[in-house]
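Undergrad: All chains, full assembly: derive it from the sequences and hints.
Number of protein chains: 2
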Amino acid sequence: MIKINEHYLKLQASYLFSTIASRVADYQKKNPDREIIRLGIGDCTRALPIACIAAFHKAVDEMAADASFRGYGPEQGYAFLREAISKNDFQARGADVSADEIFISDGAKCDTGNFQEILSTDIRIAIPDPVYPVYIDTNVMSGRTGIFQDGRYQNIIYLESTRKNNYIPDLPAEPVDLIYLCYPNNPTGATITKEALARWVDFARKNKALILFDAAYEAFIRNDAIPHSIYEIEGAREVAVEFRSFSKTAGFTGTRCAFTVVPKNCLAYDESGHAHALHGLWNRRHTTKFNGVSYPVQRAAEAIYSEEGKAQVKEIIDLMSHVGGEHSPYIWINANRDSWTFFDMLLESAGVVCTPGAGFGACGQQYIRLSAFNSYENTDKAMIRLREALGK
Amino acid sequence: MIKINEHYLKLQASYLFSTIASRVADYQKKNPDREIIRLGIGDCTRALPIACIAAFHKAVDEMAADASFRGYGPEQGYAFLREAISKNDFQARGADVSADEIFISDGAKCDTGNFQEILSTDIRIAIPDPVYPVYIDTNVMSGRTGIFQDGRYQNIIYLESTRKNNYIPDLPAEPVDLIYLCYPNNPTGATITKEALARWVDFARKNKALILFDAAYEAFIRNDAIPHSIYEIEGAREVAVEFRSFSKTAGFTGTRCAFTVVPKNCLAYDESGHAHALHGLWNRRHTTKFNGVSYPVQRAAEAIYSEEGKAQVKEIIDLMSHVGGEHSPYIWINANRDSWTFFDMLLESAGVVCTPGAGFGACGQQYIRLSAFNSYENTDKAMIRLREALGK
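Chains as they are written, first to last, in the numbering used here: chain Z, 1394 to 1785; chain Y, 1394 to 1785.
Treat the hints with care, since some could be wrong.
If chains are identical, the list can't say which one is meant, so a pair holds when it fits in one copy or spans any two.
Said to hold, decoys possible - No more than 27 Å apart at the CA atoms, straight line, and that leaves these computed lysine-lysine pairs for DSS-like:
no., residue 1, residue 2
1, 1480, 1403
2, 1403, 1587
3, 1451, 1703
4, 1403, 1657
5, 1557, 1423
6, 1657, 1422
7, 1403, 1601
8, 1480, 1451
9, 1396, 1657
10, 1396, 1599
11, 1601, 1396
12, 1599, 1703
13, 1587, 1601
14, 1423, 1703
15, 1422, 1774
16, 1557, 1657
17, 1557, 1774
18, 1451, 1422
If you're looking for bench data, these hints aren't it; they were derived computationally from the structure. Computed from a predicted model, the values in this text were never measured in an experiment.
TA: Take a look at the structure:
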């Protein structure tokens, strides 16, 4: 008899953004003429940078002739893209990351979700609350948690991010083996200083723990003192893996390209305490279960690092920064009531889509997240509608 | 202490095609002027169909303007592509598959590798020998096998495909829960009749087993009696999942698009024998760990189903059929000696790359696979070089 992975039965309801999408679709069906403004999911609405479009077209043309056609590329990504990333995103900021430590993928969602596969199921995991649900759900699927009880999964050490600690959680009181961190933060928009991040790196080194650092929003940082990469912190290479994405930086949410950094001296251990390089293990997973990113997409991503591309990306991000939070495209708002109730109310009365904080964890029960991934005009219009709906 | 998934330590050497690539790179470095002919990996060398190129460009242009820009799409793929597939690949052949049973992905390698995640680790698996290594390696990683001993992993029921049984394995003598099948076959090129495939479907139904059917090479079938899809067999919907790819059909190896069919009435069971629809479980995995295929790539794939696209694809496949096997792009050759020795000899003396049969399993130790994914001229040249190298 073919049996299912029963850990899936522990998962709560369906995936946050799918649920939002289906509620919005229902509302639109009932109100076909109502113009909905989406400040919920962190999705882009502006065209790709012109430099990316030009590179994209050029690469499609290469696929149109036998002589320049590209079949299977390296699973880890083409050297032209890995080298551009290494030089511009890391070496230019004094972070020591080489091209062959970069694995190109089709999304940070996939990478943050898949990375746990190369780790033991028998480890203690620490995950922030509120948090991007993918970190938790993929650990539930892999059997690292117990059942969901009283609003939380058993066997997860939740790192509470609240107004009290300025949305930077305290170090765990007990030893943990795997730590998820995301800065600039989704959903709170909080940033972390070098000093605070160094405390996490020290903690990981002392406990032989691993940090999975999600830096998907680093391009929104507008203050040079805030680290863009965890590798700006001394000693991080041995204990941290970093996830990046072109989704929010350059509007690649529908184009799909991201990358993960696994330093060659980043270690994990077997039961007998023998050290293994995570780089080799991830490379084995990546080459066995993935076949590389579409060639034209990788060329479009490379163009982000041209002089023209850099200027165009900065312009897009600057525009978003006007309506988003400081160093982040997100604003985390205390709704003072159940967040799904507030979501429904905003949708019904204002035609505005937010993200209910409850979808990010127990600490978000009374919060909503608004994103800046919309035009200035639409965001402005949404604010007027919100004011009316809230009677203010 | 952060611990690794120790099942990875059972994996044998590195992934087959990566090993080939590195041996070929070494040879090319030592012989920079030697023109190498690649008949190894099943990779395309001819340009994408013109219809796909036109659709690809058009979609990139849509990404260049705010009004037509597409951000996150549905994780399962756009309806335009799922509907074209349902209509052309299934309904046109009398196979009952609806659009919402189709999950678009970036590769059949990913899907065949990932699908086992939603199944229990405590199941009996039957895998052909020789076989595409991904089926085995991903089960090793998930802990379903024992160690590698005497040339095989423990706890796998190997389905031997040899000259004796015409490369169609016998039904297992014992009950099994999960069965991998691939027809037209990689690497042997063998095809299966409707009658023989029906015996597998019956076996699965009697044993409440699941068949993972890899139909990546169906476009090479040139005889109407041979099934393109397992859903042409009565009763298959309840016990089979099918994997398809545009890689070999339309030269998408570097463009990346594929799909998986999970019928809504295909079932698996929990420990207490309660049935669960695999469609819902796969949808949960797909929406949690994947974020959809690049929009322009999906538009390029859709164009395969236009009248123009169909004619262009047929022309490409017909050309390959001249140099490949019957109903398959592969030829499986008895080398009468160790296959890696033969691989090295062919590379050194003829500059021709084949795939060593040992990479596909114990039954391939004395075989090599040649692929038709090259130009007619190159394949012809390779044959002359082979004849010389073999002294014939």
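Undergrad: With reference to the structure, classify each hint as holding or not holding.
TA: Here is what the structure says about each hint:
1. Neither within a single protomer nor between protomers do residue 1480 and residue 1403 lie at most 27 Å apart by alpha-carbon distance, with minima of 43 Å and 36 Å respectively.
2. Proximity of residue 1403 and residue 1587 under a CA criterion of 27 Å is satisfied in neither setting, with 37 Å inside one chain copy and 40 Å between copies.
3. Taking identical chains as interchangeable, the C-alpha atoms of residue 1451 and residue 1703 lie at most 27 Å apart whether they share a chain (19 Å) or sit on different chains (25 Å).
4. In the homo-oligomer, the alpha carbons of residue 1403 and residue 1657 lie at most 27 Å apart only across protomers (21 Å), although the nearest pairing inside one protomer, at 35 Å, exceeds that limit.
5. Within a single copy, residue 1557 and residue 1423 get their C-alpha atoms no closer than 41 Å, and across copies no closer than 64 Å, so neither meets the 27 Å cut-off.
6. Taking identical chains as interchangeable, the C-alpha atoms of residue 1657 and residue 1422 lie at most 27 Å apart only when they sit on different chains, with a minimum of 25 Å there against 52 Å within one chain.
7. Taking identical chains as interchangeable, the C-alpha atoms of residue 1403 and residue 1601 lie at most 27 Å apart only when they sit on different chains, with a minimum of 24 Å there against 29 Å within one chain.
8. Proximity of residue 1480 to residue 1451 under the C-alpha cut-off of 27 Å is restricted to the intra-copy arrangement: shortest distance 23 Å within a copy versus 32 Å between copies.
9. Taking CA atoms no more than 27 Å apart as the test, residue 1396 paired with residue 1657 passes between copies only; the shortest distance there is 17 Å, against 38 Å inside one copy.
10. In this assembly of identical chains, the alpha carbons of residue 1396 and residue 1599 lie at most 27 Å apart only when taken from different copies (15 Å versus 41 Å within one copy).
11. When the C-alpha separation of residue 1601 and residue 1396 is checked against a cutoff of 27 Å, the pair qualifies only between copies, where the shortest distance is 9 Å, while the shortest distance within a copy is 36 Å.
12. Taking CA atoms no more than 27 Å apart as the test, residue 1599 paired with residue 1703 passes in neither setting, with 39 Å inside one copy and 61 Å between copies.
13. Proximity of residue 1587 to residue 1601 under the C-alpha cut-off of 27 Å is restricted to the intra-copy arrangement: shortest distance 20 Å within a copy versus 56 Å between copies.
14. Taking the shortest Cα distances, residue 1423 and residue 1703 never come within 27 Å of each other, neither inside one copy (43 Å) nor across copies (39 Å).
15. Taking identical chains as interchangeable, the C-alpha atoms of residue 1422 and residue 1774 lie at most 27 Å apart only when both belong to the same chain, with a minimum of 22 Å there against 61 Å between chains.
16. In the homo-oligomer, the alpha carbons of residue 1557 and residue 1657 never lie at most 27 Å apart, since the shortest distance is 38 Å inside one protomer and 48 Å across protomers.
17. With identical chains, the CA atoms of residue 1557 and residue 1774 are never at most 27 Å apart, being 32 Å at best within one copy and 73 Å at best between copies.
18. Taking CA atoms no more than 27 Å apart as the test, residue 1451 paired with residue 1422 passes in neither setting, with 40 Å inside one copy and 29 Å between copies.
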